[in-house]
Amino acid sequence: MKPADNPSGIVFDIQHFSVHDGPGVRSTVFLKGCPLTCRWCSNPESQRHQPELLHFGELCTLCGICVEECPNDALAIAGDELRRDEAACKLCGLCVSVCPQDARQLSGHRMTVEEVSTEVRQHWRIFMQSGGGVTLSGGEVLAQPAFAGALLSALHDDLGFHTCVDTTGFLPWENFERLLPAIDLILLDLKHMDDARHREATGIGNARILENARRLGERGFPVIVRLPLISAYNDTDENLHALGAFMKKANLGMLEILPYHEFGVSKYSALGKTYTVLSRKVPRSDTAADILGSYGLDVTVARR
Amino acid sequence: MSVPNALPSEALLAPSIPGLSPFREKGKLTNAAQSARCSEAASRAKEFLLDAPQKIDTERLTHLLDVYREYSQEPVIVLRARVFERVLQKKTLYIDDNPLVGTVTSKPAGVYPYPEWGAEWILREADQPMVSHLGEVELSDEERATLIETAKYFQTRSAEAKARELSRELHGFDPRDSVAAGLITETAPYTIGSGTLDYATFIRRGLGDIIRETEGRLKALPLTQENASKVDFYRAVLISLNALIHLAHRYAELAEQLAGVTGDAVRRAELLEIAEVCRHVPENPPRNFREAIQSWWFLHLGNQIEQSGCGSSPGRIGQYLDPWFQADKLQNGFTREDAQAWFKCLFVKILEYGYYQGLISARTNSGHTGHTINLGGLNAAGQDATTELDSVLLDTQIELQNIQPTITILYHDGLKEDFLLKAVELERTGLGQPQWMNTRLIIERTLARHAKNGITIEDARASINMSCVGTGVEGRTAFVHEGGTFNLAKCIELALHDGVDPGTGLVVGARTGDPRAFKSFEDVYDAWLRQVEHLFKVQRAFGSVSTKALGETIAPAFRSALYGGCLERGKHVFDGGVDYYLYFVISNAGVDAANSLAAIRHLVFETGRLTLGELLDAVDANFEGHDRIRTLCLNAPKHGNGDPEIDALVRRVYDDAFKTFHAAGYSYFGDHIANIEAYSLSIHNYYGLKTGALPSGRQKGRPLTDGSVSATPGTDKKGPLALIQSAAQAVDAVKYGSNHFNMKFHPTALAGIGGARKLLSLIKTYMDAGGSHIQFNVVTSETLRKAQANPDAYKGLTVRVAGFSAYFTRLHKGVQDEIIERTELTFDC
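Which chain is which? The protein sequence lines are A and X, in order. Each residue of the first sequence is one higher than the last, beginning at 1 in this note's numbering. Each residue of the second sequence is one higher than the last, beginning at 1 in this note's numbering.
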């Protein structure tokens with residue numbers, strides 16, 4: 001395959017045996033880079049486009065093995081802290097492989113369409129057995145449009161797999177539309193119906209997202225709307241009614257509620273980021289399901 | 001007559017069933033009333049067994065010594081039949097409130113010691129507390145004295161003593177050093193299970209009919225030199241079968257006596273019916289389902305009294321008992337619920353059964369009794385063999401959650417959806433059952449194993465899991481050890497120490513030279529393989545000697561009679577009488593050997609991160625002060641991650657072990673080949689205690705890897721699909737006698753109908769890729785940690801260890817830790 005036919009992108013994980021990202025048993029490919037900065041994001045390492053090194057300080061015992069092994073002399077112990085010289089570090093990942101505490105993790109590496117296809121293809125049997133396939137997730141899949149397009153086409157058109165795209169919906173409609181022929185199902189997040197509240201927690205407004213949702217509904221394209229449910233943020237009656245009315249009007253019939261969890265919190269400090277919690281209260285999943293169900297929507301609650 | 005565990009009579013009253021008298025005609029209990037009593041009795045028995053320690057019962061030993069004195073002139077097969085007969089004639093009987101009657105020993109949760117197999121463990125451990133997996137074994141001073149007296153008598157007469165003596169005479173060694181070093185375990189000292197006897201035929205025809213046939217054979221047999229041993233075999237069979245009928249009649253008499261003294265009309269009716277049943281079976285063909293199940297239990301009781309041990313399986317009991325169930329449904333208004341109530345009575349009987357044979361056996365087997373019920377599979381015509389009663393058995397286990405018996409699904413593509421979904425329902429309970437076996441593959445295995453024994457496809461289709469994971473033809477395959485077990489990881493240790501075991505300082509391996517002089521990975525591999533060759537030379541030679549010794553000391557007539565072929569040939573199981581042999585030794589720690597080789601190859605010869613000398617220094621120091629090297633070792637490539645290079649190495653280890661095994665010797669049973677089984681029970685824990693640090697990064701004394709193709713706990717990092725990909729190809733599961741793969745799931749992974757279908761997809765995908773066996777633990781690590789901290793609150797918590805389910809809180813701490821460490825796979829994050 002010529003490089004032109006085999007573009008590459010930054011992938012931060014491929015998870016096999018995934019059962020919550022579309023029908024059946026799936027392989028989920030996580031693309032790195034996202035225009036949104038949702039405060040509850042459970043994959044904060046997915047936000048930056050470039051590869052990143054995570055360091056879980058609470059696991060580190062300052063044994064110094066990584067300092068000794070680093071071929072670029074980029075690591076040093078200063079006081080009770082491991083320091084990394086970002087200029088010297090080439091993100092080779094050697095420090096990750098020698099760490100006795102599993103305190104380090106390299107997130108993101110460049111993969112070609114062919115490499116990704118080869119990896120997920122190994123599991124063709126279980127895709128067929130279970131009615132599954134491949135899901136592209138992120139980050140934001142469409143923040144790497146050329147790579148995502150080529151990958152979807154390879155998976156869907158060449159290999160015949162069922163494809164899902166898990167997206168924020170925040171991108172120009174034209175980009176979106178180009179990819180639709182190679183997508184079987186879209187999982188679309190609608191995080192808040194109020195533009196200002198949306199912007200406050202994700203860094204951007206919701207106008208384009210809602211517009212894209214409307215257009216998908218108009219076409220009758222298979223969509224499952226996903227609502228990451230957060231207490232006192234978007235589990236209010238007002239927001240839920242607004243969402244129900246919007247979906248009904250937009251001809252979008254399926255909704256999945258994802259109750260807020262904190263599985264990703266430890267990754268914030270590992271990236272040198274700060275986690276600013278919105279709310280730790282348990283969101284009102286059942287109430288949300290009732291309200292949204294009253295709009296005739298097919299509602300499921302993901303319980304993990 | 002003492003009636004242990006008896007309850008106040010008001011507790012025995014039948015529950016009132018609105019609108020129904022508990023009696024039907026002729027003063028007998030109605031099906032519904034009897035079933036309710038069955039269920040209550042089963043619940044009480046189960047409750048009692050949760051807390052019951054094992055109690056050694058020495059009653060058998062007194063009879064044993066008497067018979068050996070009285071019948072010393074008889075050939076061993078007859079002598080042994082006389083022991084069996086005497087025990088059945090004289091043992092103290094009791095009937096508790098379980099309407100399915102008959103117990104192995106004279107007390108609840110009792111166990112028989114068998115010094116005829118091996119007396120050393122008794123003499124070694126007699127003056128210390130005896131500890132089984134259930135805690136301290138109870139034994140009075142008087143019983144202890146009897147035990148020691150008998151052990152002394154058998155010290156020079158046991159199979160163990162004979163095997164060692166013969167080995168010294170013929171081969172110039174006995175294997176005690178190899179056992180001490182943790183390279184092998186012996187087989188002669190330990191009683192073992194029978195696999196699956198031909199219960200179906202014996203229940204259907206009744207022992208009376210078999211006795212008449214055997215008498216005919218004996219009469220027709222000219223007494224020639226050639227036939228002399230056959231005459232003795234038939235004599236022994238007749239003694240044994242008649243003794244079992246006599247035992248049933250003794251139970252009938254006891255039931256009648258008890259009926260005469262009870263003031264409770266309901267109980268009296270129940271006891272009189274017990275008496276009627278015991279007078280009829282196992283002598284005659286059963287007249288209904290209840291008699292069929294009681295006949296089964298008597299036959300099994302005979303088997304277990306003759307020789308207790310691991311791996312005596314009911315087989316496809318839901319299929320061979322189904323005709324009586326169907327007839328009862330049509331004629332007697334019998335229901336699924338009634339059948340389930342009787343199965344509950346049977347399940348608690350099986351749960352009660354145990355054995356104790358000393359510390360080594362306790363460590364290697366964790367007291368597992370290996371009563372495997374098989375469901376599904378194919379009939380002789382190649383069609384789905386599942387019956388309605390199979391599904392009742394699933395319901396029974398969903399309700400009871402017993403660690404014994406254990407359920408195996410003989411999986412194939414023709415199984416019905418509702419049956420499969422019910423099987424997943426059982427899986428979801430977290431019991432660690434059912435385990436799943438690939439029917440097509442085990443049929444292929446039977447055809448390959450018995451290519452020289454005239455196997456037919458119809459017989460091959462009767463292949464079942466007859467022990468923990470060992471397979472054979474139901475009713476026609478004998479279950480015989482060539483050797484106990486062997487440890488492939490110890491061969492790594494020996495290759496890195498020129499054949500000397502570092503733990504004991506004994507030379508138990510081949511002298512393969514100074515490891516620091518190895519120049520390439522192939523040098524290391526060759527040294528390992530030469531250790532394996534040496535191991536098999538010892539193990540196989542000693543195996544044949546042990547088999548001969550067992551045949552000359554404990555030849556069993558009862559068990560032999562119930563194996564297909566022995567009655568026709570007039571020969572017992574050690575004399576070549578059986579149609580097919582599962583003649584085996586159990587492999588252990590193949591994955592640890594492969595992971596160690598992989599680490600050496602990667603770190604020393606591929607990346608050059610370490611010299612072999614540096615690695616050996618760290619290993620010899622148990623990695624203490626060598627954190628960096630241990631980390632490199634732990635992070636080196638490991639089995640279970642779908643890495644083609646490692647997968648190939650694991651396969652090479654198992655293939656070479658197999659070839660070496662077969663190159664090392666002939667089989668005691670001629671064309672019936674000996675085979676390697678690949679599973680672990682809890683042997684990996686026992687060998688772990690005796691194996692030093694390994695280049696895989698595992699430290700001294702830690703458990704080795706469970707199963708035979710499971711990943712070492714915590715080293716499978718690429719998720720379930722990569723793990724099953726590696727596991728499915730790791731051994732040639734057709735050539736090996738078995739295969740064994742554990743996976744652990746978080747309960748949410750199986751939730752809902754979607755979760756059920758996904759689990760079925762996973763199972764089918766694994767089978768399609770060539771996998772032969774898979775079992776699951778559905779429990780969170782968090783729950784297990786809580787149970788470890790607070791065992792009283794988690795008494796009933798069961799987990800799948802390795803080939804069997806066990807109460808978690810009663811497992812050795814090392815095994816507990818290991819289960820907690822097993823990677824908990826979720827389907828998603």
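Hints in this document: simulated from the structure, not taken from any laboratory. Predicted, not measured: the structure shown is a model, and the values here were computed from it. Don't take every hint at face value.
[Stated by the list, open to error] Within a straight-line C-alpha distance of at most 25 angstroms, the following computed PhoX-like cross-link-like pairs (lysine-lysine) qualify:
1. X:Lys152 - X:Lys91
2. A:Lys267 - X:Lys717
3. X:Lys537 - X:Lys735
4. X:Lys786 - X:Lys813
5. X:Lys718 - A:Lys267
6. X:Lys219 - X:Lys571
[As the list claims (entries may be wrong)] Which residues of chain A face chain X? A partial, calculated answer using Cβ under 8 angstroms:
7. Val19
8. Ser97
9. Cys99
10. Leu106
11. Arg121
12. Gln129
13. Ser130
The beta carbon of each residue, even a glycine, is placed where N, CA and C say it ideally should be.
Okay, the hints, checked on the actual structure:
For a cut-off of 25 angstroms, the pair hint linking X:Lys152 to X:Lys91 stands: about 23 angstroms separates their Cα positions. Distance restraint check for A:Lys267 and X:Lys717: the Cα-Cα separation of roughly 19 angstroms lies within the 25 angstroms cut-off, and the hinted pair is therefore satisfied. Of the pairs offered as hints, the one joining X:Lys537 and X:Lys735 holds, with about 20 angstroms between alpha carbons and a cut-off of 25 angstroms not exceeded. Between X:Lys786 and X:Lys813, the direct Cα distance comes to roughly 14 angstroms. Compliance with the 25 angstroms bound is thereby established for this hinted pair.
Distance restraint check for X:Lys718 and A:Lys267: the Cα-Cα separation of roughly 20 angstroms lies within the 25 angstroms cut-off, and the hinted pair is therefore satisfied. This hinted pair checks out: X:Lys219 and X:Lys571 have alpha carbons roughly 16 angstroms apart, not beyond 25 angstroms. Residue-level restraint check for A:Val19 holds (minimum Cβ-Cβ distance to chain X is 4 angstroms; threshold 8 angstroms). Checking A:Ser97 against chain X by beta carbon gives a least distance of about 5 angstroms; that is within 8 angstroms, so the hint holds.
Contact between A:Cys99 and chain X, as hinted, is supported at the beta carbon level, the nearest pair being about 7 angstroms apart and thus within 8 angstroms. For A:Leu106, the interface hint is violated, the least distance from its beta-carbon to any beta-carbon of chain X being 13 angstroms, above 8 angstroms. A least Cβ separation of about 12 angstroms between A:Arg121 and chain X goes past the 8 angstroms threshold, and the interface hint is therefore violated. Interface hint status for A:Gln129: upheld, as the beta-carbon distance to the closest one in chain X is roughly 4 angstroms, under 8 angstroms.
Using the Cβ-Cβ criterion of 8 angstroms, the hint placing A:Ser130 at the interface with chain X is satisfied: the shortest such distance is roughly 4 angstroms.
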